[in-house]
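Participant: Here are the chains, one letter per residue:
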Amino acid sequence: MTSQRTAILFVLPALVLYLAFVGLPILQVAAYSLFSWDNGSVTGFAGLSNFARLIDDSVFWTALGHNGIWVVLTLAFPLMIGLLLASILAECSPRTIRILGAIYFLPRTIPLVVAGIIWGWIYNPMFGLANWALDMVGLGALGGAWLAEPSTALYALNVVGAWTFFGFCVLIYLAAIQAIDPSLYEAAQLDGASWMKRFRFVTVPLLKPTTLFLGLYAAIEAMRFFDLVWVTTQGGPGYDTEVLTTHIYKTFFLVGDFGYAATLSVVLLAIVLTVSGVSYRLLRSA
Amino acid sequence: MKQRLKMRLVASTMLVASIVPASAETVVTQWDQFATSGITAAGPAMDELIAACEKALPGTKILRTVVPSIGIRESYRLAVSADKTPDLAYTWPAASVLAGYARTGKVAPLDAYYAKYKWDGINDFYRGRNSYKGKLYGIPMEQDLMGVYYNRDLFKKLGLEVPKTYAEFQAVAAKVKEAGYVPIAFGNRDRWPATNTLSLILGLTAGRDGEEKVLFGDASWNQPAFKQAAETLASWAKDGYFPRGFNGIGYDEANALFLGGRAAMTVTGSWVLQDMARGAKFDLGVFMLPPIAEGIPAGTMWGEGSQWQIAASAPDATKDAAAAYVDCLISPEHRQVWVEKGFLVPIGTKAEDLSGWNTLPAVKEFYAEGLKTPDTNFYDLHTTLPESVTQVLYPELQRLIGGDATPDEFLTAMQQSWTKAVANGERWQP
Amino acid sequence: MNATAMLAAPSASRPAGRHRSLGAYAAGRLGRHLILVLFALYALAPVYLVLLASVRSEADLFSGPLSLPWPIDLSNYARTWNESGFAHYFLNSLIISTGSTVLVLLTAPLAGYAFAKLDLPRKELLFGLFLAGLVVPAPSVIVALYGNLQKLGLLDTRLGVILPQAALLLPFSVFMMRTVMQDVPKELIEAAVVDGASPLSVYFRVVLPVVRPGLMSLALIAFLFSWQEYLLPLVVIQADDLKPLTVGAATLQGRYGVDYGGIAAAGTIAFGPLVVLFLVMQRSFVRGLTAGAVK
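Protein chains in written order, with the working numbering: chain C, 1 to 286; chain A, 1 to 430; chain G, 1 to 295.
Treat each hint with caution, since some may be false.
What the hints assert, rightly or not - According to the in silico footprint, chain C covers these stretches of chain A (three or more CB under 8 angstroms from chain C):
1) 74-86
2) 241-249
3) 394-405
To be verified - Pairs of lysine-lysine, DSS-like flavour, derived with a Cα cap of 30 angstroms:
4) G:K151 to A:K61
5) A:K350 to A:K135
6) G:K117 to C:K208
7) A:K156 to A:K238
8) A:K84 to G:K151
9) A:K61 to A:K213
10) A:K164 to A:K177
11) A:K227 to A:K238
12) C:K208 to G:K123
13) A:K420 to A:K156
14) A:K164 to A:K135
Note that these hints are calculated values from the structure, not bench results.
Predicted model, so just to flag it, every value in this text is computed and none were measured.
The C-beta atom is built at its ideal place from N, Cα and C for all residues, glycine as well.
For reference, chain C alone in the conformation it holds in the complex (with noise of 0.2 angstroms):
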């Protein structure tokens, strides 16, 4: 009895720390939901109506494809590289690795309102580094505002996503790599087989549970980011870079229907939390 009242006091600061300002504010956003608001003030009871909205809002829909369209984008291109480095990284010195291993994390330091701030500047299409590194090798043709124009903004966004979070990645995986049993490798080698075999083959399925975890990683943070969005686009073109985090933000803030915006958080939070959920299970049992 007296070691469990221990543990509770050893979680408790946390604990009221966390629910104080994060557990009690969801508390609030979740009832917020239930009412119709004016401007960021109540005007009455509003059931669930707000939710049956939800059907109606093209924003709403359009921002969860681009949201499922940035996780899978997240787990095809900065996980698949990351795999790929790290696996090739491990094979070099020990200089190298910490050299290179620090280059391709060197991004994630850079805040993101800073990191949005100088892709903006890349992709400017009055004086970008994009469009000059065309017409530097002749292709000026095919230079455009990449960040304003609906065939490329959210690809061209991704990219900077990508830029930030593929370092983790190698760093994870190359964690992960070292810890593997080298014995499998030098029989894998005896046994004729290639780079690309061990990697397909001893690599890649002992890294499964890692990446499992990155993946369940890559996607929360792909469905709950926004800095990267709002100091860039703000969700433009039309609504070709929106996404949940600006559509509430800009419910919330601008249109000031606290009502509606609490909707759209809850049904963010469940899905996220479900999706995860499910995987965090996976996790555990793979």
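Add chains A and G to chain C, keeping to what the hints say.
Facilitator: Frame of chain C, contents of chains A and G only:
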């Protein structure tokens, strides 16, 4: 640090004041967006006028907080929702948000003050914009005008004249383009610039009366005059009047393009007049866009951008002090300070006044032109539509000019959100 | 798991793989190293670009973005630091990040220890509660948080950022600390308990010294994340002299029009310290980041 200390000192004076009402000092908390540089660079003028007005109004103390203009919309909304509304605030975008706060009873009606202080310089147009259901809620201050800035040197070099008709304007743009320059420097990454451009065009295809039939009547956005406006704006984009990738160019960058001599014109408001006049290394000129549709009178988009508003929750003595202070700020003798040091022209200032004051020639020229047509000047959609409609206007305009939505699709989307907003009681009513 | 067995089947079905020439081997190696270099460029080019822009005397928008500015001009830094308030912003970032980090260090290891080693009732549920915090998007809670901070009188104070910031970091920190604490040998704790040490003294005298590297990692990561936070301080803080670097850098964009040199210098000031910190403490960083993942 000093400012914080001052605030604490004042807070303690407030405590004392509440105990000893006899020697009371009325403290008015003020939020404004006047920075020390950039678009709203009236910060130093603001400080000077606070000092002057505190002197003129013994017993009134102004506690100023500067909120960057890009965030003041959000900050004010949060403050209102948390019952922390500043006693006096200068926020944007004008009528579109003001109506919301009037509707929910968060800002105080000001009719008594309008009568007491005889704010006659604020004409019926501006009074209407700052009213909700017959009561006045805001005191507009900045006289914003929309016009066409042009590079006189470049016009001369290309042998161009200031256009008198819209057909001439189109011919000018075509010739500029042919000569390898950008006709109109324009960037819409920040999403709001195109709302001003469309507003200017709309007033010149539909006229003020035509706009009012939609904004205050039952007429639909889906009508020929509105369609012509959408088509005109879309054609500017399609015919290459704008620089490549304009939806990805910032407002400041577009201005830099014009100031750098690479574009012949830029269509924007008087709010950047000072930056333009100072930044131009060429002879800067201004003209008003000619009417686009047949039978529409000349005029331009005007508005106030921001307005003073007083919190409903403030004690009566504070409200009175705030109103007296605003009266001091917009008094005729202080207008000159705003113009000469604040780089903004207060509403009610006449072109004749400006001619005698120490300001740049381009400023005088712009206001002389824009104030010629007070009876036909028209609305700015950005500061007129309710926020829920503005949040549709922003993306839909990017789609329209980007060629991703047709004028009809644009108008249908606008009408849809307009209907919803009207049904919710969101539109402001003079 | 028998990896050689796994390997045997597929490689047997593809015998061609065994007859690779030395040339192909070298080409493959070269190709792989090219990939490494390519992604190093991807990581570094934007950073290089912003450093260049920050030392250009007068940012010329329309010249080649990679042209080396000469002579190198530090006036952008001087102006940003002295006139645009970045000396204040820097100090505020330092105070806020340090404050949140300390708060996290005071709470998360205790909780992690309880989750890993103590007899905590409803352990799974409580841990799940913390984990759920990982998915909370900032724009969703910020409005309610603002109202609460107003009631506490914490708006427009650094503490008003520090407390929620620490709370937002807790899910990750508790998760990481549980992993770290699991590695503390059970015998060590039991020996101390047998010696009659109280739970607190076991924690401070026995456990904390063992997990010191983990604490170091946690501190670094908490500091990094606090320093990078944007929306929270943006909303909570109004007074210019209390703002952190991220907010200062973002507002520069509108304020100074096209002063790209100034913005670049501001950006560099905003991420410079983190880069230095990371490079100096790389090992600790990596250990912390991988603590939760590789298990």
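Participant: Hint by hint, say whether it matches the structure.
Facilitator: Hint by hint, here is what the structure shows:
1. 74-86: Result for this restraint: holds, n = 5.
2. 241-249: holds (count 7)
3. 394-405: Coverage by chain C holds here, the residue count being 8 at a Cβ distance below 8 angstroms.
4. G:K151 to A:K61: Holds, at roughly 25 angstroms.
5. A:K350 to A:K135: Holds, at roughly 26 angstroms.
6. G:K117 to C:K208: 28 angstroms, holds
7. A:K156 to A:K238: Distance ~26 angstroms between K156 (chain A) and K238 (chain A) Cα, so the pair holds.
8. A:K84 to G:K151: Measuring from Cα to Cα gives roughly 10 angstroms; hence the hint holds.
9. A:K61 to A:K213: Answer violated: K61 (chain A) to K213 (chain A) is near 44 angstroms, above 30 angstroms.
10. A:K164 to A:K177: OK: K164 (chain A) and K177 (chain A) at ~19 angstroms, within 30 angstroms.
11. A:K227 to A:K238: 16 angstroms, holds
12. C:K208 to G:K123: 27 angstroms, holds
13. A:K420 to A:K156: 50 angstroms, violated
14. A:K164 to A:K135: Distance ~40 angstroms between K164 (chain A) and K135 (chain A) Cα, so the pair is violated.
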